Structures are given as C-alpha cells and as structure tokens.
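Chains as they are written, first to last, in the working numbering: chain A, 1 to 238; chain B, 239 to 521; chain C, 522 to 728.
Among the hints, a few may not be true.
[What the hints assert, rightly or not] Dumping the calculated BS3-like pairs for lysine-lysine here, alpha-carbon to alpha-carbon at most 27 Å:
id, chain 1, residue 1, chain 2, residue 2
1, A, K38, C, K585
2, A, K32, B, K244
3, A, K93, C, K585
4, A, K89, C, K524
5, C, K523, A, K163
6, C, K523, A, K89
7, A, K93, C, K523
8, A, K89, C, K585
[As the list claims (entries may be wrong)] Which residues of chain C face chain A? A few of them, derived with a C-beta cut under 8 Å, are:
id, residue
9, G535
10, W537
11, I539
12, L557
13, I564
14, A581
15, K593
16, L602
17, L658
18, L659
19, R670
20, W679
21, M695
22, L702
23, A706
Keep in mind that the hints were calculated from the coordinates and are not lab data. In this text the structure is predicted, and so the values were computed from the model without any measurement. For glycine and all other residues, C-beta sits at the position ideal for the given N, C-alpha and C.
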Amino acid sequence: MDFTFLQSPTIIQISGWIMAILTLLIFSFLYKDNPFYKFAEHLFVGVSAGYGVVIVYNNVIVPNLVTPVMNGRAYYLIFGVLGVMMLFKLSRKLHWISRWPLAYVVGAFAGIQIIAYGQSDLITQIRATIQPLWVAGDPVATLSNWLIVFGVLAGILYFFFSKKQTGALGVVTKIGIWFLMISFGASFGYTVMGRISLAIGRFQDLLEFPVISTIVLLIIIAVLVVHTIMTREPVAEE
Amino acid sequence: MNLLDKFLILDRRWVFLLMALAIIIPLLLNITLPFTPDKAVEAIYNELETLEPGTRVLVSCDYDPGSKPELQPFAVALFYYLFTHELSPVITCLWPGAPPLVESALLEVTAMLALDGRAAPLNHIDYVNLGYKQGAQFVMLSMGSDMRGTFPLDYTGTPIDEIPVMDGIENLNSFDLFVEISAGSAGTKEWVQTVQGRYDLRLAAACTAVMAPDCIPYLQANQLFGLAGGMKGSADFEKLVYDGTDYIGQATIGMNAQSFGHLVIIIFIILGNIAFFATREKR
Amino acid sequence: MKKEIPLLITFLLGTWMILEFFFHNIPHVDQITEILTNGGMVIAAFTYILGVMNILQVNANRIKHHQDRPYKWTLLVGFVLMILLGFTWGIDVDSPFQWMYNTFYVPLQATMFSLLAFYIASAAFRAFRARSVEATLLLVAAVLVMLGRVPIGEEWIWSRLPDISNWIMDYPNMAGKRAILIGAALGAISTGLRVIIGMERSYLGGE
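One chain only, chain A, in its complex shape (with noise of 0.2 Å):
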C-alpha cells in the first residue's frame, strides 16, 4: 500500500496538533498529578509495549531464530524453546520452568562481566593510573598526575577500609572523600545540564508549531483551572 499521503502538509499538520497535545498533557503533570497526565502516560506505555513487540519480532526474533532454522541450523530450536520457558514466569505453578534459560542468561552475563570488568575496568584503569610524579619542566603536569594517583588511591582507601579511619589513615581517606566529593558535583552539574537539555528539545519541538501549541496549552490550562475548582475540598475552618 502507497502511505506517502502521510508526508502531506494536512497530515503533518495533523501530527503537529497530536504532539502538541500529548506533550502538553505529559506537562500537565508540573501543575498537578490530573487525569490528562494519566491518560498520556498510559497512552505511552501502550504504544511503547506494542512497538516493542513488533521491533523485537522483526529485527530479533526473525533473523537470529527463524531465519537461522529455516537455512538448517536447527539446532537453534533449543532458543526458541528456551525463549518459550522464559514466559513461564508468569504462571505461578510452572514458574520454575523459567529457571533454565534464566540460568543461560544470568550464567552467560557473569562470564562476560567478569572478564569485561576484569580487563576494562581493572586492569587497563590501574595501568592508565601508574603515571610518572615527577615531569621534567612541567610543573602542570607534575601536579595533574599527583592528582590522579593520590586521588585514585585516597578514593580505594576510603571504599576499602572498613576499620575505623584515623590517623594517617583517616588523612588520607579524607582526602579521598573529598575527591568523591568533587566527582559527585561534576556528576551533578551534568545532571543538570542533561534535563534541561531534554526540556529544551520539547520546547524546541512545541515552538514548530506555535500556533497549535498556544491554543492548545490554553485549553489544557482552562481543562485544569476548572478541574481544580470542581474537584477542591471545602476547606476545614481553623
């Protein structure tokens, strides 16, 4: 079937309208928790749930099981069955039947994990950490790597010590809290940076089509001035 009618202006138009109301309905929930907020929501977990399913047939279930099996690999048959056992969590009699390809799972990940931590996270980020402390003419240098080792190294005191930190010791892991510290700021600051920008890219989105999204925001917020006052409690006298 020929869908290039949806590229028209009217339909786009139309899809302007939609997403204009359903992002201004997700919105609704800064003002209060409202049942435009509720509608959306679970719109989304609907559509989502469905296009899901559709993705994950056609792009996994298809080539890497169907496709495999018809060109005579029937040997992966046994994913398909074990795939099968996984949905035999949801019964509450034959549960257990979800154990083996869970066991797959859980048993093939931990390999993974343990070689993946163990060569990126370990071994390649103490080898990155062994830096010279003295560097000749560069004093910026020098101060950086002190830097990166003293902190990397007051920060593994002060996770791995479980005995009371003091003395010497509780220096140093001082030292090393406030590197955490420090670190925990960045993250935050980048946090922040991420969440505004995501507001940013709806209203960038709302901002096409402006006219749609002034009028419907009015109408959201006329919806909300009346739902509020018909849905107020009479307030108890003091």
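Put chains B and C on the given structure of chain A with help from the hints.
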C-alpha cells in the same frame, strides 16, 4: 514569617515556571552566543578527517526519544559529515527505540544534502540501518566474532548478502572506526568493557550529559579516543561539521536556552543557601 | 532437579564465557561462542516479550476489577494499534508504524523524561546546602561545571571558565570516578564468581 522564610517554602511550581521561561525566552529571542568546541569532541572530528573516501564507519545508535535532544543532533551531524565525505555508515542499535530515530536522522540529512545540490545517499549502497538487537553484551561479543551472523537481515528485512555496503565486512575489526551514540545501558560503558580492549577498536562516544563524567576515566585511559557529552558535545560537533555551511544545528540553537537554564538553577541554589543560612539561627 | 539443572547451566555457561576469552584462537571455540551469544540474544528477546505480557496481564486484571478502566483501555488500544500497524504494513520509513512512532511515541517519551528538568531545579533549590566542607566542595564543583559547559559562562563571565570546568572533569572528577570504577569492578567480579559457582542463587527465586 518574614520574606526569607517564605522564600524557603516557595511553591515548587514557581520554580517550574521560571525554569520554563528561562528556556522558552532565549529560544524565542534567537540569542546566539559563541562557544569553543571541546578538545575531546575535536578529537572525534580530527579522526574522521583522516579517513579515506569509501571507508565504512560503524555507528551504534543506542538511544531513544528520551534523550533525542542531546544525541539526535550528533547523529544528524555525523551522518551529514560521512555522506559529504563519501564515507559509509553501517548503523546498529542496542536500544529498541532507536531504529526509527535513525531513519528520521537519515531523512533529515537527505533533505540537507538536497539543499546542497548533492545526490541523496542510497540505502544499502551508501549506508545501511541494521536495526535493533536485544541482549547487549551478547550482541557485542557476537559482532566481534561474526557480524553477518549477528545481523542476517537489516532493519527492514533485506538479507545481509544482498547489501553491497556490507561486502567484506566480517566482524568488528572490519571497521577502521567505531562511533557509538549512547543514552545509558547498554551503551558506552558496555562497549568499552566488552569489546574495545578485546578487539583493540578505535572507539569514540557521544553520550548523554548524565553519562559523560563516568566516561572520563575511559577517555584518559585511551579506551575512548573522543567523547561528546550531552547537548553541548553535540553542539561542539555541529559547529565543527557545519563550519563553512549555512546550517545551524538543533543543539547549537539549544545552547543559549541551556545557558539561561543553568543560570536560573545556579541563582536558585545561591538564593536558597543565603535564605537558609540567614534563617538558621531561628530554627 | 528444579534447582540443580539451572545451577549446572549457569556454571557451564559462565565458565565457558570466561575460558573462551583465553582460548578463542583454538578452532571452533569462536564458533561455539557465536552460537551461544546468538542464543542469548534470542532468549533476551523473549524476556522483552515476557515484560510486555506482564504489563498486559496486570492491566487486564485491573479492567476485570473495575480499577481505572478508561486508562487501562487506553493502554490496550495503544498497544493493539501499534501491533496491528507494525505487523500489517511493516516498519519502513514511510509506513504508518513509523508515523505512529514519530507522532505518539517520540513526544510522549521525550516529554516524560523532560519533566526531570523541572524537578531537578526544584530539588537543587531545596536540598543543595553548603552545610559542610564536603557539601561545599560538591556545590562549588557543580556550579563551576555548569557555568563552564555553557556559552554564557565563557562569553559573559570569564573566558577561562571552560578550562576550569575541563580541569575539574579531567583530574579530581576523573580520580574520584576511577576509584569508584575500580571498586565496582572488584565487586562485579566477585559477584560474577559467586553466581557461577552457585553461592549466589537469588535469581532462581524461592522454593
């Protein structure tokens, strides 16, 4: 109750409103402030500049609409760069929400190329979207040993042997360069841990701002050769890629709203602290 | 048997995945790993379907018990619509499935996530207090990074702010993050070993 006390218990909806205004007004006013691209983003651009025409670049798009404003501009700029330099992206996705976003990005780039008077890139010849795979580290390891077995069909079901751009591609080591665009797990961390060291890959990442600080140790250890963090990272990359063209990317436009958003939060933090310490005695 | 076989499967798969790293140059080792990882992908795909079935089951129950009926019906209609469109007309870039994705999925999910921008602003205002040296360090680092990463910091406040922000990221932040990374790696490795040898079996559930 004095003004400071009242300020401390300010209804959060006023904070929300100010935040919204701090974002909307700069977007409406179209204020543009210059900025300098980050060195870690320049590293990605410089590496792309060394590639010979015809090189195939692996691009893993591991994000969904939840982080579209941060990462989609990077994807668009990257595809634009690749197509204008006769480089071919081979695109994979570890997030189920990603493949249609990739399609949208490709459509956007095709429109940009048409404005430039360039030919539209051809699916399966100039690029391929191999679609989504579930199973994160399983997929990564599988791609490391046999890319064709991992992706027997592309996103819309074309067999891999009928896709010319995949000719000669056997596994992850068949690519000279790997750019990963990621919004969380599975993403940058898992790619670095599971396959970067194992197959000695030239890997760069564009990730959300939330992830970026956690990726710095990988950058310092050369496990990543470049890193674009959040919308600012995308804006930096856009600035480098669109230099000399008329395009201003979505992330670059967003940067000014980003500035004012940060300013509002910082002012709130400072005022909150002043009010807190000024009224502490009473409490 | 209900537990022994799963424990054996975990042990065999886990051990294989460790050993294959060291022996993948031996003929056929790589091919076996390839089959096992492909199998993992297929099973993982069914876990996705399991998740969706769970959502449907919970919501069908709610409908049966007359709880939030209109919302639950909305959820089911959205679900069925996507399934029908996807399986009937495919997932091409010009399909109705892609249109539904662009028009419904994208704004809904993107807006859901963007709500956090407002809540983080409010949380920063209420909870971010310089009560101690540690909290002050956190606050100062956050403010410097926030200013250094946006044009306004570079253009209006001080042109060296990005350098300061980058320095914080590349040295003290890097050191702190690396300490966490190394600590977490040791934790992950020991947990992995406990799983493989059967000491950690909470994933098998009760009974």
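Practice problem: Tell me, in ascending order, the numbers of any earlier hints that this structure violates. | Solution: 5, 14, 20
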